[in-house]
Amino acid sequence: MTQPYMCEPDIIAATENVMPDLNTDLVLAKNFLKQQSAATGDSLYDHLVDIVHKILTQKPPDVADNFEQYSWAVKQEKFRPNFDLLNDIYLSPPQLSIVRQMDDMFRLVASKSEKIDMMGEEEQELDLEEDNTKPQVADLIDHNYYFREGGYGLPASECYAVYVALKMLSIKEPVATVRFFGKIFGTKANYYVAETDLTIEELDRRIREFELKDMPGEGEDIEEKEENEGEEQKEMLGEGEVLEDKNKEPVPPKLPPVPVSTWQPPPPIPVERPGQGINKKVFWVCNVPGEPWVCLPDLTPDHVRVARLTVRCMTGDLDAEIQTFPPFDGTERHYLRAQIARIQAATSVAPQGFYTFGSGEEEDIDMEEGMGDMEFNVNPYYHGHTLKDLLDPNLTYWVHHGRHILKQGRTIWWNPMAGMEEGLEEEEDEGPPPPEPESGPTLLTPLSEDARVEGLSAWTARRSSSLAPERALAVLRSNLWPGAVAYATDGKKSECMYIGWGLKFQPPNFSPLQLPRPQDEYPVGPEVMEMADPTFADEEAYRIAHLPPPPPPELPGEGEGFGEEEEEDED
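Going letter by letter, the sequence shown gives residues 662 to 1232 in my numbering.
Calculated from the structure, these hints are not laboratory results. Mixed in with the good hints, there may be bad ones.
[What the hints assert, rightly or not] In silico lysine-lysine, DSS-like type, Cα no more than 25 Å apart, as pairs: (1) 720 to 736; (2) 795 to 1153; (3) 776 to 736.
If you're wondering where the values come from, they're calculated on a predicted model, not measured in any experiment.
Given these sequences and hints, build the entire structure.
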């Protein structure tokens, strides 16, 4: 059956009777805008999307006035080649790794505290009994509050992160006490320094390792001696054969003797064992709170000696090379440890009576063997001083509790002639005089005995506030080590801290050590003396003086007679 034919007026009427549909119109309009250009292959729909995205991203002013320029800029970007292949690669910010490290640190400390909270009553009682064996962490937040009152200290957010980092150190490492020593600035990164005391078990282990290093086995020494003797005998036999062969050959001309150096190195100064002297405390450092703490090595006397002769800023890299004169045997971790020991010895101060020797009378102090070491503890009967006494310009109410480092680089003097005393008694006239023992200020010496710096006192004391004297405290600042400060209240609170570059004030300026004078290789004489090069006039005078003598002049009659004789012979 065929459909009836519809003329044009019928079609128009049919379309007019159809109801409009919004969705259909939108689809038709979108399809119309998506028609691609025959020249470029782009569509108006994509172009409008790019323009809107660019405008919303940049949010420029007066968009309606500059719409044509944005349309033209979008078209130009499509024809510009994209040489940057890293646009689509996500690079995490450098702070993200620090945040993750701090998050792990917070989770570790929080999990430890949650375990304590979830313990039962019986377990908590047992835990309280074991408090003596737990590491004791100094309350940095409380001490930092008083430092901030005096104008020093760390920001609140940084102080809290460092305090949690000290908690993490007490959990992970075998330490008995933890205290924040200070912060040392570096050119690339900073160092946060923690001062600790090791547990008895860990200290005994380190002492055993130290003794094994300094006392090698006797069997090894005997074997080395036998090997050396055998080699010497072989060399002697070989030299005899060589001499027999050389006797047959012509004797070479005699050469001047090879110079022999007469310099002898000084005897090595022994290192103080762990838990004694400059190695009494163990120091840990990290660049950012949350990073793993790194234990600094024990200090040697040579490290202290060279560190006193050089000036160098820290870099923040423990493995950085130390290029100084005299040469420093170690990396930045050893140099940092030497500077910390110097700062601790000079700036560890407290009010008089805050520390006491306690059982120091019962200890056997043997200064010759170097095994004695005075101990001091916090005085439980300390009641504080008035601010007037603490602010006295003479500083008689402040004392040092840091062990003084001698010129040897030790806190306890070592006698270099200890092993030769028996021989010196027999040869008193021929042997050198015994060295004088070095001595320094004892522990708990008043600050009034410190040497002055360029006519000024080594320390400056001031009041934290004059507007609220009832809340004021005494603040002490070091002029010898800028950055070292200490505070004390009229009660029982006192602490010291160092925040600086780790450099000592050396007026008027630092002068590096000059190279030593070289030793004479040969005795001075005409054979080895250097002569000045002759000038042109000297060479000309020498040439004229060494010219051959001129021929003798001819006599006047000799030439004529000789000619007449020749003529007669010809005739």
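So which hints don't hold here, by number, going up?
3
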